[in-house]
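Participant: The lines below spell out each chain.
There are 2 protein chains.
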Amino acid sequence: MHFFELQTTDGAARAGIVSTDHGDILTPVFMPVGTQGAVKAVEHRELLEAGAQIILGNTYHLYLRPGEEVLSHFGGHHRFINWQKPILTDSGGFQVFSLKELRRITEQGVEFRSHIDGSKHFFTPESVIETQRIIGSDILMPLDECAPFPSEYSYAKKSMEMTVRWAERNKSAFDNSLPRYGHKQRLFAIGQGGIYPDLRMQCIEQLVEMDFSGYAIGGLAVGEDAETMYDIAGRSAEALPADKPRYLMGVGTPENLLTAIGLGIDMFDCVMPTRNARNGTIFTTRGKINIRNRRNRLSDEPIDAGLDNYASQNFSLGYLRHLFIAGELTGLQLASLQNVTFYQQLMRTAREKILSGEYRQWARNFLDDFNRMTKERAGKEQLKK
Amino acid sequence: MHFFELQTTDGAARAGIVSTDHGDILTPVFMPVGTQGAVKAVEHRELLEAGAQIILGNTYHLYLRPGEEVLSHFGGHHRFINWQKPILTDSGGFQVFSLKELRRITEQGVEFRSHIDGSKHFFTPESVIETQRIIGSDILMPLDECAPFPSEYSYAKKSMEMTVRWAERNKSAFDNSLPRYGHKQRLFAIGQGGIYPDLRMQCIEQLVEMDFSGYAIGGLAVGEDAETMYDIAGRSAEALPADKPRYLMGVGTPENLLTAIGLGIDMFDCVMPTRNARNGTIFTTRGKINIRNRRNRLSDEPIDAGLDNYASQNFSLGYLRHLFIAGELTGLQLASLQNVTFYQQLMRTAREKILSGEYRQWARNFLDDFNRMTKERAGKEQLKK
Numbered sequence: 001m002h003f004f005e006l007q008t009t010d011g012a013a014r015a016g017i018v019s020t021d022h023g024d025i026l027t028p029v030f031m032p033v034g035t036q037g038a039v040k041a042v043e044h045r046e047l048l049e050a051g052a053q054i055i056l057g058n059t060y061h062l063y064l065r066p067g068e069e070v071l072s073h074f075g076g077h078h079r080f081i082n083w084q085k086p087i088l089t090d091s092g093g094f095q096v097f098s099l100k101e102l103r104r105i106t107e108q109g110v111e112f113r114s115h116i117d118g119s120k121h122f123f124t125p126e127s128v129i130e131t132q133r134i135i136g137s138d139i140l141m142p143l144d145e146c147a148p149f150p151s152e153y154s155y156a157k158k159s160m161e162m163t164v165r166w167a168e169r170n171k172s173a174f175d176n177s178l179p180r181y182g183h184k185q186r187l188f189a190i191g192q193g194g195i196y197p198d199l200r201m202q203c204i205e206q207l208v209e210m211d212f213s214g215y216a217i218g219g220l221a222v223g224e225d226a227e228t229m230y231d232i233a234g235r236s237a238e239a240l241p242a243d244k245p246r247y248l249m250g251v252g253t254p255e256n257l258l259t260a261i262g263l264g265i266d267m268f269d270c271v272m273p274t275r276n277a278r279n280g281t282i283f284t285t286r287g288k289i290n291i292r293n294r295r296n297r298l299s300d301e302p303i304d305a306g307l308d309n310y311a312s313q314n315f316s317l318g319y320l321r322h323l324f325i326a327g328e329l330t331g332l333q334l335a336s337l338q339n340v341t342f343y344q345q346l347m348r349t350a351r352e353k354i355l356s357g358e359y360r361q362w363a364r365n366f367l368d369d370f371n372r373m374t375k376e377r378a379g380k381e382q383l384k385k
Numbered sequence: 386m387h388f389f390e391l392q393t394t395d396g397a398a399r400a401g402i403v404s405t406d407h408g409d410i411l412t413p414v415f416m417p418v419g420t421q422g423a424v425k426a427v428e429h430r431e432l433l434e435a436g437a438q439i440i441l442g443n444t445y446h447l448y449l450r451p452g453e454e455v456l457s458h459f460g461g462h463h464r465f466i467n468w469q470k471p472i473l474t475d476s477g478g479f480q481v482f483s484l485k486e487l488r489r490i491t492e493q494g495v496e497f498r499s500h501i502d503g504s505k506h507f508f509t510p511e512s513v514i515e516t517q518r519i520i521g522s523d524i525l526m527p528l529d530e531c532a533p534f535p536s537e538y539s540y541a542k543k544s545m546e547m548t549v550r551w552a553e554r555n556k557s558a559f560d561n562s563l564p565r566y567g568h569k570q571r572l573f574a575i576g577q578g579g580i581y582p583d584l585r586m587q588c589i590e591q592l593v594e595m596d597f598s599g600y601a602i603g604g605l606a607v608g609e610d611a612e613t614m615y616d617i618a619g620r621s622a623e624a625l626p627a628d629k630p631r632y633l634m635g636v637g638t639p640e641n642l643l644t645a646i647g648l649g650i651d652m653f654d655c656v657m658p659t660r661n662a663r664n665g666t667i668f669t670t671r672g673k674i675n676i677r678n679r680r681n682r683l684s685d686e687p688i689d690a691g692l693d694n695y696a697s698q699n700f701s702l703g704y705l706r707h708l709f710i711a712g713e714l715t716g717l718q719l720a721s722l723q724n725v726t727f728y729q730q731l732m733r734t735a736r737e738k739i740l741s742g743e744y745r746q747w748a749r750n751f752l753d754d755f756n757r758m759t760k761e762r763a764g765k766e767q768l769k770k
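Listed in order, the protein sequences are those of chains V and Z.
With this note's numbering, letter number 102 in the first sequence gets 102, and the count goes up by one each step, no holes.
To convert, take the position in the second sequence, counting from 1, and add 385; that gives this note's numbering.
Honestly, I wouldn't trust all of these hints.
[Unchecked claim] Facing chain V, a subset of chain Z residues (Cβ under 10 Å, in silico):
(1) Lys-425
(2) Pro-451
(3) Phe-700
(4) Tyr-704
(5) Ile-710
[Stated by the list, open to error] With the Cβ distance kept under 10 Å, some of the chain Z side facing chain V (calculated, not the full set):
(6) Glu-454
(7) Phe-459
(8) Asn-467
To be clear, the hints were calculated from the coordinates, so they are not data collected in a lab.
Don't be surprised by glycine CBs; every beta carbon is placed ideally from N, CA and C.
Modelling step: build the complete structure from the supplied sequences, incorporating the hints.
Facilitator: What follows is the structure in structure tokens.
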């Protein structure tokens, strides 16, 4: 069986299946972020209820905590956290490069200090593969350099070129090592090049030449405007081979997702559903809601009448607001479950609409409705203030 | 049907049934604390999984947040929080008296400042009944004065006497008002008198004379030693009528519960299972565990092999430790679910043993084993440090 099967296209939008030893992933797919082996405030069984097919882990975080000894002792991350479905691990490059003051990049790799205890560590393209062999993720990401936004052309070029050289080393380390736990692992590449289309194309061309299992588009959603992101994502998708999955890293809002799907992207991850939930921003089929707003105080409207999950159907906006105002942990739990379910449902529907050939029209209508309802809610909020 | 049916006694220990319009409560019972309408970090459905039969709410907190307007609008607390089983509300007396600097007690009632915004409020025996009518709890607690520990005899006496006068006013306000939501409510009394047996007996005698639906023993577990608590609780239980439920407020550890059941107590509440969970203290059938301890780092022992719930069976001590060390919210969730389930299971077993006439022997063995296993775990911790 192929790792990726492209089932159908609808314009540039694609429906497919990614096959792993921990099960199939129907694309387009949104991957909830479980940085440290847990999706914040959402139990594993609730992720399954929500329809999550795969979760993310982060190599940087897992390397520091619980660390390779623990992961190895438990027989890998799946067993350690007791999650039976696929796991993708980011290499930690993005996190390390976010440390700024705490890291030093050389051709060899990147030296950094732990954000936890200041201890010194060194990541190389080879070492992150080794760490991800110990983690045992189904999909591994290579070490890349994620250039900051904005970056000058010359810096973006140098950085992209090093990312390509690192990609070769990542690939070589991967090809010369074996999985530890009896299930197959796959290595993706990450395209870089900042906001410069020619650099992006050069990068992709060389990465595709090396033949990875899938291709990520990195270095976006880091501060550039949405149009630029869509432009780079769209050009990248066009340049990538049709028979490999395409992953737009760290994206994004419902609008970002639906637009990028329309450009040919298959996979997404973002902390938005869970982080926004903890900040009191609730995604619902009736628009986005600031749950702390006083207008929800007497609202007996269910959290989301249009979604079928424990949180959305059983509790009112008024009660959820109370939980947030009172600082109750169950507020974070219900809001996170709602948002994760909303994102999964959005992707399931997107896939259905691609399969039925109605994607473009549906996506436009959905976003129009969603934005209108969000504005109406905000408008009512204004009036009631 | 009687509100309370005493099914059997085993020594002084009792098994019974408290009947409410929201369902029966098999006693002895431990009531998880949902101060503000949520048991911290535990979803309602998880409370049901754990076997919780009734939860607590707190009149002081609910009066301040969400407030009477919201509770009334939603048709009472059950509907507001969507909890179908019985609810008991403490009057808030204990919380108000804990405010110390922020309150002033007179014969009329107690003036206090909100811990949230400093606003001024006044609770009377009449007003807390009114508020609990609006809350719609199945079991209401009266406003009492919980004298601090230690209190001089003269203060404890004055305070107890006022509590008795207030009890009459509570009862009168209750008898002269109606439930708002179509289900029956019941008023308990609270015995006070500090650590002075004669005051306790005087108090109970007068409260029993007034004929309440149940009797609580208040003002214990506030700093006195365990022997004193058991002495007062035992004397109180003996003096109380057999045909009414007896509730020891704010207690306690597994040892406290089993000892007090042996003295004839039927009902308990305490923040211990949930608060300790959040501090990383896990109650298991294999002893008490400090989950943060390094000895759990490589432990693939399930959280509690002797308990059948989602947390205990599916996750290892090593993973739970990681979640605590990494500051993950799901750690608090799993630990809270474990502790709440442990407490419910403990009470279910206690009840079975009373019904089969084996209570005393079982309780002694259970506590011996539990304390031995707790010590062994601590001992191992010492060695591994």
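Participant: Could you check the structure against the hints above and give me the numbers of any it violates, in ascending order?
Facilitator: none
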